[in-house]
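*Asks:* Could you put together the complete structure from these sequences and hints?
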Amino acid sequence: MQTRIHVQHEDFDLNAEVANLTTDGEAGAVASFTGHVRKEGDLSTLTLEHYPHMTEAEITRIVSEAGTRWPLTGVTVIHRVGSLKPGDRIVLVAVASQHRHAAFQACEYLMDYLKTHAPFWKEEARSGTRHWVEHRHSDDDAAKRWNSK
Amino acid sequence: MILLYFAWVRQKIGKSEESLTPPVTDVASLIAHLKSLGPNYAEAFADLNRIRVAINQRHAGLDAPVGPDDEVAFFPPVTGG
Numbered sequence: 001m002q003t004r005i006h007v008q009h010e011d012f013d014l015n016a017e018v019a020n021l022t023t024d025g026e027a028g029a030v031a032s033f034t035g036h037v038r039k040e041g042d043l044s045t046l047t048l049e050h051y052p053h054m055t056e057a058e059i060t061r062i063v064s065e066a067g068t069r070w071p072l073t074g075v076t077v078i079h080r081v082g083s084l085k086p087g088d089r090i091v092l093v094a095v096a097s098q099h100r101h102a103a104f105q106a107c108e109y110l111m112d113y114l115k116t117h118a119p120f121w122k123e124e125a126r127s128g129t130r131h132w133v134e135h136r137h138s139d140d141d142a143a144k145r146w147n148s149k
Numbered sequence: 001m002i003l004l005y006f007a008w009v010r011q012k013i014g015k016s017e018e019s020l021t022p023p024v025t026d027v028a029s030l031i032a033h034l035k036s037l038g039p040n041y042a043e044a045f046a047d048l049n050r051i052r053v054a055i056n057q058r059h060a061g062l063d064a065p066v067g068p069d070d071e072v073a074f075f076p077p078v079t080g081g
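Chains as they are written, first to last, in the working numbering: chain A, 1 to 149; chain B, 1 to 81.
Keep in mind the hints are simulated off the structure, nothing from the lab. Source: prediction; values computed, not measured. Misleading hints may appear alongside valid ones.
Straight line, CA to CA, 25 Å or less: simulated SDA-like cross-link-like pairs of lysine to any residue [said to hold, decoys possible]:
#, chain 1, residue 1, chain 2, residue 2
1, A, Lys39, A, Asp139
2, A, Lys122, B, Ile51
3, A, Lys122, B, Gln11
4, B, Lys12, A, Ser44
5, A, Lys39, B, Pro77
6, A, Lys85, B, Pro76
7, A, Lys122, B, Lys15
8, A, Lys39, A, Arg130
9, B, Lys15, B, Gly67
10, B, Lys12, A, Pro52
11, A, Lys122, B, Gly61
12, B, Lys12, A, Glu134
13, A, Lys144, B, Ala60
14, A, Lys122, B, Arg52
15, A, Lys122, B, Trp8
16, A, Lys122, B, Ala46
17, B, Lys12, A, His53
18, A, Lys122, A, Glu40
19, B, Lys12, A, Val81
20, B, Lys15, A, Thr45
21, B, Lys12, B, Ser36
22, A, Lys144, B, Leu62
23, B, Lys15, A, Val81
24, B, Lys15, A, Ala57
25, B, Lys35, A, Glu134
26, B, Lys15, A, His135
27, B, Lys12, A, His131
28, B, Lys12, A, Leu46
29, B, Lys35, B, Pro23
30, B, Lys15, B, Pro65
31, B, Lys35, B, Glu71
32, B, Lys12, A, His135
33, A, Lys85, A, Phe12
34, B, Lys15, A, Glu134
35, B, Lys15, B, Asp47
36, B, Lys15, A, Glu49
37, A, Lys122, B, Asn40
38, A, Lys122, B, Leu3
39, A, Lys122, A, Val133
40, A, Lys122, B, Gln57
*Replies:* Here is the structure:
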């Protein structure tokens, strides 16, 4: 399984990343998810902090687990850090497989586990005040449902 | 022991990293020790339901053992993606 994991300030190019997953011709399906900064009220900036080294290690563990659950040919995960504006891309998960079912499922699995396990934290700036985004219990529930499958 | 703090845990404690060798053998006793160091620590660790821990860059429980050579990180529940 070809794996690319990047934590970076820079933006990414979805088309280029999907093309990277299909160059060897093995993949019949690529499913991708792109997360963006949602414009909510007077949100001006979303700043992402992370735990260097653990972030990459944890994403690697999550990707490896996905690779044991589905027959994947490639996975790319790119997560941005630093200051972002509404509309900016935050995260890309792209999954290649021979068939669509595995690609769709693994993409959703990876996002559910990234949300609940990868050590990132979001801080919002609104009209001059800053506050940390609260963890959502619905994200925990989304990750837990994979345990019973 | 290397201690790392992230997000509001870092802000409440007032530093991102420190090196300590407290006489503790698990995370719970480490937290109890840290809370005794000052009101900033006591505030950061006031509600343990809002604290997560990683040992040597892996998620761990509050009952996990820790030793002098470990890297221990404290942070809020994660909010990436």
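*Asks:* Decide if the proposed pair is consistent with the structure: B/Lys35 and A/Glu134, CA atoms, cutoff 25 Å inclusive.
*Replies:* holds, 23 Å
*Asks:* Against the 25 Å threshold, does the CA-CA distance of A/Lys39 and B/Pro77 hold or violate the hint?
*Replies:* Holds, at roughly 23 Å.
*Asks:* Does the alpha-carbon distance linking A/Lys144 and B/Leu62 stay inside the 25 Å limit?
*Replies:* holds, 20 Å
*Asks:* When you check the alpha-carbon spacing of A/Lys85 and B/Pro76, does it fall within 25 Å?
*Replies:* Holds - the C-alpha atoms of B/Pro76 and A/Lys85 are around 23 Å apart, at most 25 Å.
*Asks:* Straight-line Cα separation of B/Lys15 and B/Pro65 no greater than 25 Å?
*Replies:* Distance ~24 Å between B/Lys15 and B/Pro65 Cα, so the pair holds.
*Asks:* Has the given pair, A/Lys122 with B/Gly61, been kept, meaning a C-alpha gap of at most 25 Å?
*Replies:* holds, 23 Å
*Asks:* Holds or violated: A/Lys122 with A/Val133, Cα cutoff 25 Å?
*Replies:* holds, 6 Å
*Asks:* Run the distance test for A/Lys122 versus B/Arg52: straight-line Cα separation, threshold 25 Å.
*Replies:* holds, 16 Å
*Asks:* Quickly compare the C-alpha distance for A/Lys39 and A/Arg130 to 25 Å and report which way the hint goes.
*Replies:* Holds: A/Lys39 and A/Arg130 sit about 16 Å apart, inside 25 Å.
*Asks:* Measure nothing beyond the straight line between the CA atoms of B/Lys12 and A/His131; if it is 25 Å or shorter, mark the hint as holding.
*Replies:* With a Cα-Cα distance of about 13 Å, the restraint between B/Lys12 and A/His131 holds, given a limit of 25 Å.
*Asks:* Is the straight-line distance between the alpha-carbon of A/Lys144 and that of B/Ala60 25 Å or less?
*Replies:* Since the Cα atoms of A/Lys144 and B/Ala60 sit roughly 17 Å apart, the hinted pair holds (cutoff 25 Å).
*Asks:* Has the given pair, A/Lys39 with A/Asp139, been kept, meaning a C-alpha gap of at most 25 Å?
*Replies:* Roughly 20 Å between the alpha carbons, so the hint for A/Lys39 and A/Asp139 holds.
In the structure shown, no violation is registered for any of the earlier numbered hints.
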